[in-house]
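Position chain B against the provided structure of chain A, taking the given hints into account.
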Amino acid sequence: MRILLVEDEPKLLDTLATRLREEGYAVDLAANGRDGLHLGSEYPVDLGIVDLGLPDIPGTELIKRWRAAGHAFPILILTARGSWEDKVAGLELGADDYLVKPFHTEELLARVRALLRRAAGWSDPKLRCGPFVLDTSAKTFTVEDKPVELTAFEYKVLEYLMLHAGRVVSKSELTEHLYEEDVDRDSNVLEVIVGRLRRKMDPERNLNPVETARGQGYRFRFERAQARPAD
Amino acid sequence: MPLSLNSRILVAAGVVLVAFLGTASFAIDRSFRATALTAVHERLKAQIFMLLGLANFDAPGAAPMPEVLPDPSLSVPDSGHYAQVFDGEGDLLWRSRSMLGFAVQPPASRVPGEFFFDELVSSTDEALFCTSYGVEWETRGRAAPSIYTLQACEGRQSYTLQVRGFQRSLWAWFSIMAALLLMIQTAILRWGLRPLRAVALEVRAIESGRQAAITGEYPRELRALTRNLNALIAARDTHVQRYRNALGDLAHSLKTPLAVLRSALEAGRFDAESVRGMHEQVAQIDDTVRYQLQRAATVGRSAFAPPVEVAPMIERIAGSLRKVYHARNLVLDVQVDRASRFYGDQGDLMEVVGNLADNACKWARHRVGISAQVLPLRPGQRRPALEVTVEDDGPGMPEHLVETALRRGGRLDESAEGHGIGLSVVRDVIETGYGGILSIEAAPSGTTVKAVFEFD
Numbered sequence: 001m002r003i004l005l006v007e008d009e010p011k012l013l014d015t016l017a018t019r020l021r022e023e024g025y026a027v028d029l030a031a032n033g034r035d036g037l038h039l040g041s042e043y044p045v046d047l048g049i050v051d052l053g054l055p056d057i058p059g060t061e062l063i064k065r066w067r068a069a070g071h072a073f074p075i076l077i078l079t080a081r082g083s084w085e086d087k088v089a090g091l092e093l094g095a096d097d098y099l100v101k102p103f104h105t106e107e108l109l110a111r112v113r114a115l116l117r118r119a120a121g122w123s124d125p126k127l128r129c130g131p132f133v134l135d136t137s138a139k140t141f142t143v144e145d146k147p148v149e150l151t152a153f154e155y156k157v158l159e160y161l162m163l164h165a166g167r168v169v170s171k172s173e174l175t176e177h178l179y180e181e182d183v184d185r186d187s188n189v190l191e192v193i194v195g196r197l198r199r200k201m202d203p204e205r206n207l208n209p210v211e212t213a214r215g216q217g218y219r220f221r222f223e224r225a226q227a228r229p230a231d
Numbered sequence: 001m002p003l004s005l006n007s008r009i010l011v012a013a014g015v016v017l018v019a020f021l022g023t024a025s026f027a028i029d030r031s032f033r034a035t036a037l038t039a040v041h042e043r044l045k046a047q048i049f050m051l052l053g054l055a056n057f058d059a060p061g062a063a064p065m066p067e068v069l070p071d072p073s074l075s076v077p078d079s080g081h082y083a084q085v086f087d088g089e090g091d092l093l094w095r096s097r098s099m100l101g102f103a104v105q106p107p108a109s110r111v112p113g114e115f116f117f118d119e120l121v122s123s124t125d126e127a128l129f130c131t132s133y134g135v136e137w138e139t140r141g142r143a144a145p146s147i148y149t150l151q152a153c154e155g156r157q158s159y160t161l162q163v164r165g166f167q168r169s170l171w172a173w174f175s176i177m178a179a180l181l182l183m184i185q186t187a188i189l190r191w192g193l194r195p196l197r198a199v200a201l202e203v204r205a206i207e208s209g210r211q212a213a214i215t216g217e218y219p220r221e222l223r224a225l226t227r228n229l230n231a232l233i234a235a236r237d238t239h240v241q242r243y244r245n246a247l248g249d250l251a252h253s254l255k256t257p258l259a260v261l262r263s264a265l266e267a268g269r270f271d272a273e274s275v276r277g278m279h280e281q282v283a284q285i286d287d288t289v290r291y292q293l294q295r296a297a298t299v300g301r302s303a304f305a306p307p308v309e310v311a312p313m314i315e316r317i318a319g320s321l322r323k324v325y326h327a328r329n330l331v332l333d334v335q336v337d338r339a340s341r342f343y344g345d346q347g348d349l350m351e352v353v354g355n356l357a358d359n360a361c362k363w364a365r366h367r368v369g370i371s372a373q374v375l376p377l378r379p380g381q382r383r384p385a386l387e388v389t390v391e392d393d394g395p396g397m398p399e400h401l402v403e404t405a406l407r408r409g410g411r412l413d414e415s416a417e418g419h420g421i422g423l424s425v426v427r428d429v430i431e432t433g434y435g436g437i438l439s440i441e442a443a444p445s446g447t448t449v450k451a452v453f454e455f456d
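Chains A and B supply the protein sequences, listed in that same order.
So the first sequence is numbered by this note's numbering: it starts at 1 and just counts up by one.
So the second sequence is numbered by this note's numbering: it starts at 1 and just counts up by one.
Treat the hints as calculated values from the structure; they're not laboratory data.
Do not take every clue at face value.
Each computed DSS-like pair below joins lysine-lysine, with the alpha-carbon atoms no more than 25 Å apart [said to hold, decoys possible]: (1) B:K362 <-> A:K101; (2) B:K323 <-> A:K64; (3) A:K126 <-> B:K323; (4) A:K126 <-> B:K362; (5) A:K139 <-> B:K362; (6) A:K200 <-> A:K139; (7) A:K139 <-> A:K171.
Facing chain B, from chain A, some residues (calculated, C-beta under 7 Å) [stated by the list, open to error]: (8) W84; (9) P102; (10) S123.
Note that CB positions come from ideal geometry on N, CA and C, so glycine has one too.
Extracted from the complex, chain A is given alone in its bound form:
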């Protein structure tokens, strides 16, 4: 999943970026509002994390402009001003959640996971599709309650496919959402990963959870088991 982080404090930007990347997210960084506005408009962002106190364009203005331009990705506000007046104002402008500084990084990660799930229409941290269960909090994967070991990148690909279970996801969509802009993209790598995933998820080759839609991309065949009504 691709996250845009807009924060003007370099230390915090750096720490958060490192932590988010450790979690397997592709992270785009902006140290000011102008860059943030540009990145948010140009790239297929899955989630924006925005500090409200930016030096050039205020965070609230940034959110307003994104929303006005039709970008609907979820936004998490970081703010040093913890008053409810500010929180409500930010949420009414189009943000989806807020976090008051100083915060625990774990808290931030939990909110990020929740927002990403919510944007894809999931409410439970455990994504259940047929016999497959991906626990986004614990980052574990089980097939018929038996744990399956996944590498970080395999997890990322599977998470994206399962979040959008039932929908065809093109290879370019996958690369755009899983890689940062300056990473060398090679679609062969994706094919290899998907191949490995298929073997791990379905050693007997009778479930075929990830279909290949020829010329279009991949589709996680099992519909979500516990989907909530549309948000």
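Below, chain B without anything else, positioned relative to chain A:
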């Protein structure tokens, strides 16, 4: 700059005075002229009656009047009193000796038995008031009575002088009256506005720090103003005091954790134990800053705060929380009495409702209820108290934790972020800002938190 009150009232009073005196003098002048003219007329009539008594028309050809007349002014030339007698054809029969060397035309109407008043001009251009009277005179030996007309005239001069004299004294008196009235007016004004000047002086004294509040006794009309000024000053003082206390407390309670952190850093040991200790200190610093800053930001009730409509504001908070807790599938039930008004700072109310509702959402299983209602007015109360109730269907806070929650900075649940701080802030806003009460009722079926705000 707008005109001063003094000038406004003086200008208005001056205009009214001039208009009144002008109209009055015009009316008085008119009525004086009418009276003077009537007097002239009456005098001339009396003269005609006198002449009629003296007249003798029985001897044709002879003068109809005796040589010597009882009114000597008719015999002195140019005395301003004149008389003439005309016959039926309007030919002059006799004229008084005062009419030496000039003539006055006969009256235009010579109907017998009727007085006729006219203003005429003599042949020497003297303006005159003239009254004439026609008589039918029966002479022995004649069949038909003869008609004669008697005319008495008076120079306009004396009338004019009389009117002018009257006008002069009228204007003199009116001027004196106007001056007197303006002086009285000014005195009344000074007396009436004296309390205002006194208030201004007191305010200046407060500005320069010589005085803490307005202490003088003022008339009823000003009492509302001075009371509000005092309330404003008191509110400002409370606010400043709150800032000062918060900053003092902040500094005080930051120093201990900072000292612990510094000594830990200087010790240079970073094993799990000491890192956990440092985390605790950082958390304590965070709590302290949040709590004290919020305490300082509390505005509190005020006599001047325009009433805040409670319903739309709680709806806004509920909307925000629905967004934030979207994934939890909570039902946020808002029931606010439409008449609910909050006489204080909107930020304070948002802080209280926001924190309480946020806590409730964290603990709730399925449902959070937020309701607000106006409490009945108690005797002597000007503005009704407001009760905000937030309830959840969570596991319910244990009794001893309720106590902790209400203690300053008490933290209930480390994972439910800022829970303790939230409740402490809420309690502080309600109790010190609005003199109200925060009460918590915890049961296994859920927790109910009631906040009562007072505004008087």
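Evaluated hints:
no. : hint              : verdict
1   : B:K362 <-> A:K101 : holds, 19 Å
2   : B:K323 <-> A:K64  : holds, 17 Å
3   : A:K126 <-> B:K323 : holds, 21 Å
4   : A:K126 <-> B:K362 : holds, 20 Å
5   : A:K139 <-> B:K362 : holds, 24 Å
6   : A:K200 <-> A:K139 : holds, 16 Å
7   : A:K139 <-> A:K171 : holds, 23 Å
8   : W84               : holds, 3 Å
9   : P102              : holds, 6 Å
10  : S123              : holds, 5 Å
The structure agrees with every numbered hint stated previously.
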